[in-house]
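Engineer: Here is how the chains run, residue by residue.
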Amino acid sequence: MAVVLMEKNISDKAQSWLHRFAILTAVATFLLLGAGGLVTSHEAGMSVPDWPNSYGYNMFLFPPSKWIGGIFYEHTHRLWATVVGLLTTVLAVWLWLKDSRSWMKWLGFAAFLGVIAQGVLGGLRVTLSMDSLGVFHGVIAQSFFALVCAIALFTSRFWFKLTAKPSMATVPRGLRSHVLYVTILIFLQLALGATMRHQHAGLSISDFPLAHGQIWPDTSAAAIARYNAERMDVLNANPITAFQVILQMVHRLGAVLIFLGVAAAAGLAVKRLGKKDLLTKVAFFWLGLIVVQIALGIETIWSNKAADIATAHVLVGAVSLVTGSLWCIIAFARKAPVTETDSRAMFSPQPSLAGAK
Amino acid sequence: MLVSLAYMKISFTLMLVVGFAASSLSNAADITGVITFKGTPPPEKEIVPLENDPTCGALHTEKPYTHFYAVDASGGLGDVVVSLSVTGKSTGATAAPAVLDQKGCLYVPSILAVQTGQKIVVKNSDPCIHNVHTVSKNGNDQHNDAQMAGGPDLTYTFDKPEDFMKFQCDVHPWMFAWVTIEDSPYFSLSGKDGSFTIKNVPPGKYTITASHRKLGKETLDVEVKDSDVKVEFPPFAVK
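Protein chains in written order, with the working numbering: chain H, 1 to 357; chain F, 1 to 239.
By construction, these hints were calculated from the structure, which means they are not laboratory data. Every residue, glycine too, gets a C-beta built ideally from N, C-alpha and C. Each statement offered as a hint is correct.
Here are the simulated DSS-like cross-link-like pairs (lysine-lysine), alpha carbons at most 25 Å apart as the crow flies: (1) F/Lys45 / H/Lys305; (2) F/Lys214 / H/Lys305; (3) H/Lys66 / F/Lys123; (4) F/Lys166 / H/Lys305.
Footprint (simulated), chain F over chain H, 3 or more residues, beta carbon under 8 Å: (5) 38-45; (6) 49-59; (7) 215-226.
With the hints as extra help, turn the sequences into a complete structure.
Structural biologist: So, in structure tokens, the structure goes:
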């Protein structure tokens, strides 16, 4: 990834505030992911039948006394989404006006478009009553979070220092590619998880480590009928299907592959970069996240999909995706040193950031 | 003379039509039976989220439980839809509306059987908001409508036959009802003792199906001649 650091025309202090605002937006987005996760975990996605109004009220004037049951989760999710939309708009405008890197201006614009798309997708999911839109809404939410975190990275002092020093230790291509592939695998796992959650069928497999009492569950019509006959779910879950059982099994296998992939990344980082390298430390943090994520996944099953556990599972999945993504971005920025001529072409005189030397 | 002839022709035709209709009705018969359950059903579950809801919990003096298996002391199985394999004979447009109530933050009844084109009136007898959300797997119109406390009844009709279409409330996710939509009037919902009666079935050979939402279906062949028929399904069981 070729990064061109152009001369900045804003002060260090202004850049610092921009970075802080980007972090604020990222944190707000993380909270919104949690709010949205709670909506699905509580099966409340359709509890407010209209959009953008709420039971006929302007959404900002809907009386709190009516925020009952599932309405509480769905309505507060919509309100917080508005906050994130505003923060993202301000961030995009700020980047456009003040960041001299043209690619950052467009990244901010992409974030703005992303948050608008998310709002519309969420609204259409309700008005068209389409579960498939709910899946897209969930997956794009995770991607948007990664984007906003990347913007926070790109506006940081750390990033400017990193890209100002082309002589820093490079990350071997094999390691970079490995982490990229594992990050993509995490994204696919998240998409699979979103698909599972939007089946609205509760737990298609209610035991662990076995699956319906077997290593690989019986998915014959008779077996599925038995699972449905035996399941006594108090919530309005759809009947289990063979597809859903297989989906969960693939999700379990994906978890194993991701664990092995991240563990390998951490091991390779120690070997190739050394223990003290930042990316090695991040890789081990990533591994810790995956261990927590697997534990949350198991507890989601053992707790019969308790809403708080299932939502925590969504959030840690999002942080895992962001961690892999930022690792890749940093790693790709630390490519092999270019020739002196190329350096002069790529890097104009650096701003005087404190500690940038 | 000509007037008298025309009068006789009309009268004779009318007598034939009435006589034919009367003979059809007089040949129609009822199909009866009792649906049974073999074994011990899984225990019903306490609806804890309902109890924990401050508004809904206050509406119950006893613990609310799920109602998946309505088995009486003698093994009779209720809430089974028993229907004939007849389509295109719906009289739903002129049938009395079926009523689905939301009471104590539960749908009452939880299982309903109606005809295509028959009105389903959904009432809200609770002091809180519900949303009425229909989830069809067979191409019927999807609905998701707000129903305020004390608000007007909502009315729906569905055009396509469907087994156990779900009505749910997303404000209170433990609330759901299952509505089977038949394309003829030849169906019955088994009572608490498992008994059912399909009335006024014209003579002929049919396939009769007993459907339980969680236990699946059983089918038999039945022939109706000129007297009531009793059918005996094998007992349902959790296999």
